[in-house]
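Q: From first to last, the protein sequence lines stand for chains C and D.
Just so you know, the first sequence maps onto residues -14 to 221 in this note's numbering.
Just so you know, the second sequence maps onto residues 220 to 313 in this note's numbering.
Everything labelled a hint here was simulated from the structure, so no lab data went into it.
Since we're looking at a predicted model, the values are computed, not measured.
It is possible that some hints are incorrect.
The list that follows gives simulated cross-link-like pairs (lysine-lysine, BS3-like), each with its CA atoms no further than 30 Å apart [to be verified]:
1) LYS21(C) / LYS142(C)
2) LYS273(D) / LYS21(C)
3) LYS295(D) / LYS282(D)
4) LYS21(C) / LYS282(D)
5) LYS273(D) / LYS142(C)
6) LYS95(C) / LYS273(D)
Far from chain C, by Cβ distances over 12 Å, these chain D residues were calculated [stated by the list, open to error]:
7) TYR234
8) ILE235
9) GLN245
10) PHE258
11) ALA278
12) ASP279
13) ASP286
14) GLN288
15) LEU296
16) ASN299
Beta carbons are placed, not taken as given, at the ideal position from N, Cα and C, and that holds for glycine.
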Amino acid sequence: MVRFGVVVFPGSNCDADARHALSTFGDADVRFLWHKDTSVGDVQAIVLPGGFSYGDYLRCGAIARFSPIMQAVTEFAEAGGLVLGICNGFQILTEAGLLPGALLRNTGLKFVCRYVNLKVENAATPFTGACREGDLLRIVVKHNEGNYTVDPATYEKMQANGQIVLRYVDAQGERAAGANPNGALDDIAGVCNERGNVFGMMPHPENSVEAELAGGADGGKIFRSMIDALRPAVPA
Amino acid sequence: MNEPETETQLDVRVYITPKHGILDPQGATVERQLPALGFEGVSEVRIGKFIELKLTPAADAGKEQIDAQIDEMCRKLLANPIIEDFTFAVDDQQ
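Go ahead and model the full structure; you've got the sequences and the hints to work with.
A: Shown next, in the form of structure tokens:
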């Protein structure tokens, strides 16, 4: 069993969905990590879930990043542990400096809640190992501040380093103006850090795990990838 | 008999704006709306944040120390230096 910890901040509202999604995998054990805890215990992967931590006051994730648990999450990440930030979790990771760039207000100034198509740009990360490069994932977004931005110099390095993991595309897998729900730079939907162990994505994989309920199970591939990356190797 | 010490309390005003070069769709929207109301000649509308706070500095803190403390507050929490610029002003208030 791979041990996951889902952090709960005041205002997180996708923590239960994240836990439920992971529980549908028979080889994942999930627990909640309270924002005031100072240790992550013996988890092997951490999920920062979606929601409105601290009401999005000041800036999304600006206050949550200083939660006591985040010191332990940072140490866990620096030691190479897997950290997945979903939506508000992605925002918290950028505010904490665990991922480059920032998430701005959607250029359309509207809260967007709809399905998007994502292209897997890099299938060699622990979060996309169950996918092939070019795979399309149909997953939901629900956000007001999903517009990813990063300075040009850092962006160049990120591209060279394969840190752009997911991009918004149309149903045919092509880049198109209408495919990007928030105006993010170069249709970026998900990025990882230099080392590849910290990953943030705006769409919600936890809402596309049970096909009969969600109309698709593409989100499950993100969790499947993480579980597979952490499972002890099966002897031949 | 000793005079009671008056505590110096400073009024701090912090102005936070989107960095130039960052697209500000809120500002752009407001800029488009103003001519509709008859106000011509307006450009480069940018919308930011204004934060007021009171600060009681340490007794021996000089101006440089106080400015450094506020600067750090801004860099760490009040503003996100990746996407925002900030300035602040400090007024004495006995």
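Q: Hints first: check each against the structure and report whether it holds.
A: Here is how each hint holds up against the structure:
no. : hint                  : result
1   : LYS21(C) / LYS142(C)  : violated (35 Å)
2   : LYS273(D) / LYS21(C)  : holds (28 Å)
3   : LYS295(D) / LYS282(D) : holds (20 Å)
4   : LYS21(C) / LYS282(D)  : violated (35 Å)
5   : LYS273(D) / LYS142(C) : violated (42 Å)
6   : LYS95(C) / LYS273(D)  : violated (35 Å)
7   : TYR234                : holds (14 Å)
8   : ILE235                : violated (10 Å)
9   : GLN245                : violated (7 Å)
10  : PHE258                : holds (21 Å)
11  : ALA278                : holds (27 Å)
12  : ASP279                : holds (28 Å)
13  : ASP286                : holds (21 Å)
14  : GLN288                : holds (17 Å)
15  : LEU296                : violated (7 Å)
16  : ASN299                : violated (6 Å)
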